[in-house]
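Novice: In order, the protein sequence lines correspond to chains A and B.
The first sequence begins at 315 in my numbering and counts up one residue at a time.
The second sequence begins at 2 in my numbering and counts up one residue at a time.
Simulated from the structure, these hints should not be mistaken for lab results.
Positions of the beta carbon are idealized from the N, C-alpha and C atoms, including for glycine.
Some clues are possibly wrong.
Heads up, incomplete: computed chain B residues facing chain A, CB under 8 angstroms, no partners named [what the hints assert, rightly or not]:
no.	residue
1	Leu5
2	Arg6
3	Ala8
4	Val13
5	Arg15
6	Val18
7	Pro21
8	Pro22
9	Leu25
10	Trp26
11	Phe438
Now the stretches of chain A that chain B is said to cover, found in silico as 3 or more residues with beta-carbon under 8 angstroms [unchecked claim]:
no.	region
12	353 to 359
13	429 to 437
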Amino acid sequence: MSAPESFEEYVAARYAALSRTAYLLTGNHHDAEDLVQSVLMKAVPVWRRIRADPEPYVHRMLVNENISRWRKHRGREHAVASVPDEAATGSGIEDRLDLLDALRRLSPRQRTVLVLRYFEDLTEAQTAELMGTALGTVKSQARDALARLRTLAPGLDLRVGAEVPAGTRDVHARLDP
Amino acid sequence: MTDLRTAFQELVERDPVPAPPPDLWRRGRQRQRRGRAAGAVGAFAAAVVAVLVLLSVDTSLVSPAPPVPADVPSSRLHIPHRIYLPDPWMGDSQAPPGPLAVLGTADRGSWWGSRMGCFGVSAVDGSYHWVDLPRMARSVVPVLSPDGTRIGYGLRGAPSGTAYSHVVGFAIYDTVSGHLRTWRIPTRHGLQIDAYYQEGWTADSAWFAASFGQWMTRNSSNYQRIVAFPSAGGPARTVQDPGSLADSFGTAGSSSLTWIGGPNLKKVFVADLGLGTRTSFRLARSGNGGPWFSPNGARFVLIAQGPAGPNATTNRLFVGGGGIRPDVPASTRLLTARLQPSRVLGWLDDHSFLVDAYVARGNGTYLVTVDADTGEFHRAVHVARSRFWLSPVQIASDLLHHRFVPGTPPPEGLDPRLPAGGAVAAVLLLAAFGAWFWRRSVGT
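Starting from the given sequences, assemble the full structure and let the hints guide the process.
Specialist: Here it is, written out as structure tokens:
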């Protein structure tokens with residue numbers, strides 16, 4: 315990805331992708347939208363410094379901000395047994411709702427590890443660096459998260475593909491130390 | 002079996018992503034400005050608080066007072082010839098001031114103006130110190146003991162009922178160790194200390210005595226009683242039950258207190274607080290203060306109204322003694338008509354004593370030494386004038402046996418409000434410049 319000419323250009327190009335990642339991290343569209351906008355607003359003061367390559371900063375902020383918000387509101391967050399505002403009208407939709415419900419029941423760090431590893435296709439090392447944690451912690455959290463996901467959503471029968479090598483996407487290479 | 006990547010993709014692609022709001026950049030800028038403004042306000046407040054705390058909590062940082070030796074032989078303690086008023090912002094030291102030659106009152110600066118402060122002049126080196134007397138009742142004059150190591154004063158507090166006075170007891174502060182002893186007197190409306198109030202020390206500095214009454218209503222009190230407080234600690238002792246008293250205590254011997262009372266104030270009481278005995282003798286004339294016996298006990302000086310004439314109501318010095326008999330009123334003679342004494346501070350030797358006698362000159366008064374034989378007097382100690390009514394200084398009378406020494410002026414103080422104001426102005430200026438620079442660099 316080439317460097318964006320302006321903040322507006324970057325937002326136009328990456329807003330949808332960031333929103334999808336945020337959706338998986340937060341578990342609902344409202345919080346996802348709020349998270350992405352908050353992170354982008356925080357990028358404004360440092361834009362002059364990061365404009366050549368904003369992606370690593372914004373991704374790191376997305377992860378950290380989400381965990382900070384969870385810590386701040388942990389007393390108010392609670393897992394729900396079902397998603398009342400989603401209508402289950404078919405087997406595919408039911409599977410997705412089960413996955414979303416199961417994701418919500420994971421801890422934010424577990425959820426983050428899964429999203430970064432299997433949605434953003436980051437390596438374990440890249441995930442560890444972005445989360446500011448040890449490689450071993452990422453491995454164990456990924457293992458625990460997958461086990462818990464299978465327990466919470468047994469009907470999904472999930473499988474995990476081979477690890478994507480570093481550099482598959484632009485963001486990965488830039489996250490490498 | 003579903004691949005997790007595929008499941009995630011299907012999950013996020015299920016719903017359309019809304020378009021980004023067009024004003025993210027502007028909102029980000031606003032947020033940045035608010036953050037910077039909050040940071041600047043916080044830093045400014047922290048700087049102001051730091052400056053205020055630094056300068057108000059410990060003004061000794063401005064001009065720290067040197068520590069005073071606590072254990073100095075009595076022979077090396079002296080009273081200065083000249084007693085100055087300390088600068089209101091003279092530095093403060095938390096340490097006890099050590100043995101004092103002089104205790105006085107003066108303006109002491111505070112952030113909101115000035116208040117009455119007690120200062121002491123070191124008997125060791127003549128240095129000046131503020132003396133903080135905990136819970137001091139400002140309506141009671143603090144009194145320095147003859148050896149200069151203790152201060153007796155009234156204790157401020159709340160009586161059990163309606164307060165007509167906030168004096169609820171007495172205290173003795175040790176100027177060497179900083180130790181404080183307090184005696185609280187049970188009182189419903191506060192202690193009445195403003196009429197015929199007396200206080201003083203025995204010559205051995207072992208007892209501090211005060212006379213006081215109890216307020217009964219807002220406008221009336223019962224008679225004064227005399228109570229003595231031991232400086233070594235222990236229960237207070239009632240020396241005399243309520244009765245009429247003259248204006249000030251005198252001394253006799255090492256552990257005795259004297260006062261004039263009885264009908265027409267013609268009876269002298271001598272209470273030896275060490276032995277627990279009390280004797281009395283009659284005077285041929287009414288007395289208003291004392292008597293103060295000479296070190297050898299051969300004679301005494303007292304304050305009484307002068308002989309009949311145009312100045313008959315003016316206080317004069319009288320001297321008596323020599324063969325006091327309980328059955329014959331002791332005669333006294335006018336020592337000098339040229340002095341108007343308010344109190345006798347002590348004897349220098351068996352032939353002369355020091356008097357506070359309103360000998361004014363310039364911006365102050367003189368304490369004068371008086372010859373007990375001839376009545377001749379000499380200016381001895383110049384005392385700068387304080388604006389407080391309880392301005393007469395207290396002298397450590399034991400030191401009158403030593404020579405007077407030249408006084409050392411107290412150090413100049415620095416009003417901390419000036420540097421604090423300067424610091425605040427500097428911080429404001431810096432904040433204004435920072436805001437201007439930031440707006441210039443950020444642009445709009």
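Novice: Hint by hint, note whether the structure agrees.
Specialist: Going through the hints against the structure:
no.	hint	in the structure
1	Leu5	holds (5 angstroms)
2	Arg6	holds (5 angstroms)
3	Ala8	holds (5 angstroms)
4	Val13	holds (4 angstroms)
5	Arg15	holds (6 angstroms)
6	Val18	holds (4 angstroms)
7	Pro21	holds (4 angstroms)
8	Pro22	holds (7 angstroms)
9	Leu25	holds (5 angstroms)
10	Trp26	holds (5 angstroms)
11	Phe438	violated (16 angstroms)
12	353 to 359	holds (count 6)
13	429 to 437	holds (count 4)
Checked against the numbered hints given earlier, the structure breaks only hint 11 and satisfies all the rest.
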